[in-house]
Amino acid sequence: MAVNRPLSYRRTALLYLSPWIITLLLFWLYPLAYSFYLSLTDYELLGRTINFVGFANYRNLFMDSDFLKALFNTLIFVVGTIPFTTLFALALALLVNRKIPGARFFRSGYFIPSITSLVVIALIFTNLYSRGGYLTMLCDLVGIPTPERGFLFSESTALFAIMAMDIWIASGYYMLLFLAALKSIPQEHYEAAAIDGASSWSSFIRITLPQLRPMALYIILINTIKSFQVFVEIFVMTKGGPLNSTLTAVYFVYDRGLHRFDMGYASAAAYILFVLIMIFALIQMRLFRVGRSTAE
Amino acid sequence: MKKIALLCLVALLAGCGGSADSNKIRLSFWQFWTSPEVKPTIERLIREYEELNPNVTVDLVDLTWSDGHEKIVVAFSTRTAPDLIELGSDWIGEFARQGVLADISEFHDSAQAEFMMWEPALYQNRAYAIPWLLGTRILYYNKDLLLRSGESNTDPPATWADLLRQSKQITALGEPYFGFGSNSAERHRLYKKFLPFLWSNGGEILSDNGSESLLGEQPAIEALEYYVSLSDVGYMDTQRALDDKFLAGELGFIISGDWLLKRIDKQPPPFDVGGWVIPVPDSGDVSVSFAGGEYLAVNSASDYQSEALKLATYLTSEIPDYEFCKAVGSPTPANIMASVKMMQDPNALRWIFLQQIMTARSSPLHPEWVYIEEIIERAVEEAIYHKSDASTALTKASNEIKKLLE
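Sequences listed follow chains A and U, in order.
Residues in the first sequence are numbered from 90 upward in steps of one, following our numbering.
Residues in the second sequence are numbered from 906 upward in steps of one, following our numbering.
The reader is advised that the hints may include incorrect statements.
[Unchecked claim] Each computed EDC-like pair below joins lysine to aspartate or glutamate, with the alpha-carbon atoms no more than 20 Å apart:
1) U:K929 / U:D964
2) U:K1307 / A:D155
3) A:K328 / U:D995
4) A:K328 / U:E1279
Keep in mind that the hints were calculated from the coordinates and are not lab data.
Put together the whole structure using the sequences plus the hints.
Pasting the structure below:
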């Protein structure tokens, strides 16, 4: 129901909202619209002229084997990390939620990678994964075969090595979110279930998991967006190599835009990624909604 | 009372304007040297310049190698670039092509003989930057490992055959020892390691007028085949990791630059380090290494172009260039007189650098170089990963370059 407020009230409200509105317009909506315009041009960062080329950049991108490879690698990254990160985060949250000695220590320990600089972690892992690195030595000790040139210089292992590192980094942060959701589940539910004779497994399936659903959706959504935008790890560890095996969509955008200055082409690639993320997010939201209505 | 307060305010604001400084020229200078060993030298040189030119104040702004290039590009595109700017030799072409660098051909004509390596600064026969500091790559080797591998003396390998044979011998010692340190798929570095072999074998990337690709020709194929054979008996990693492994005494040979020299000076490794020019196919051939360097360029949109050029001229003159290169640890100043002064240094490795720079070359100054570089690196990568043989990889690369040049 619409409420008639005096004009001065609305003006004041607008004034208070203006910092956010101006920021949104200036630093989000305007660049978003402008980059779409750029994606329809042949704009080069240092160039003097901008020519409208229609959807030529989009057409060329779908014929560019490097871009298709970058999209494929990004999809592998997303599909390969999210289930593991979510499951590990949930398992860790359940573990540290128990009343066991040292739970606080483990909680902080698992969270530390999330607040450490990604560049620092990427550099440490570059050493760990190298031919003479600790991880290779450890694998050799227990008889696990390792790539001859180290994990990051082998085409078949480079991307998976970065994905494993990413799972390790992200799990701690999402553990904390799951933990917050776990703490907010009313204890009475478990007590009632115990009185009804429910086992701890059925309590977990019928109480804990449904109560965690909104948080799980949030985690999967955020993680999907983040994983689609993977960049720093690639920039520090492999620069897309070897043989483009770790080339991801955002690294592709960076390389074409800021290394080759082809801003029109890079903007078109960024827009394709944007649409892809949106589709994924919508599918996920739909899946969770369907799940909820069935449960209800 | 109000009037007095207003007058005071006006007087205060007028004071802020700094009438005494109003004739002073403020030059902005962007540069990359931030380490505590080099930055004080740059600051001192700038101070000395300001003392010599009291009407000039220089604002020094630091850039980093990780994102400096992007910052420069954005600054030029938004017309906020400084008056004077330090550029890597590979970048001059792309900026000169866009017309954002001032044409300093007049200075070039008068001072050409005073500097080495003008080539990267010339675009369509016009000059756009002054050489400041040069860098090349030489062959470093571990004399102790050479003896342990069965060699009777510590003479450096002069030819390709020597280098391959000795590399195999050292690799045969078993892990952690390897003969040759081969660069991995590291963007913007790998091609610099392959080109010396290509050039020393008489190969070229492009024809003289830059309109044709020569990468698919026999000298290039032979060079890549040789580089792959070296890589196969070597240890592959990033440049930084290779430098570390060499200093740990586990690599027989490594092609590296003067940054390694600085590390050796700072912390001498526990073995005898040797240096030599990059080996050649056959004795009597000329060893051609890769050369790059740092150049000073003036912004074509600057209001103070002549003042910026004057500052660049000062920084690249004999004594300042010598002192700057000393601080950097570079044995190869671009100023010839500074180089002569550098020759008084008895360090043998520095002498090798000076010897190598005389025949070193830089990558061709071509508007499409950034693409050509990537095509070359991909071909080398495919060959060292045995995805295709050298001939197929280079023929494919050559066709891609041809398409680019059409």
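These are the hints, each one checked on the structure:
As the CA atoms of K929 of chain U and D964 of chain U are separated by approximately 12 Å, the hinted pair is consistent with the 20 Å bound. Distance hint between K1307 of chain U and D155 of chain A is fulfilled; the C-alpha atoms sit about 19 Å from each other, no more than 20 Å. With a CA separation close to 19 Å, the supplied pair K328 of chain A and D995 of chain U stays within the 20 Å bound. The straight-line distance between the Cα atoms of K328 of chain A and E1279 of chain U is roughly 12 Å, inside the 20 Å bound, and the hint therefore holds.
Checked against the numbered hints given earlier, this structure breaks none of them.
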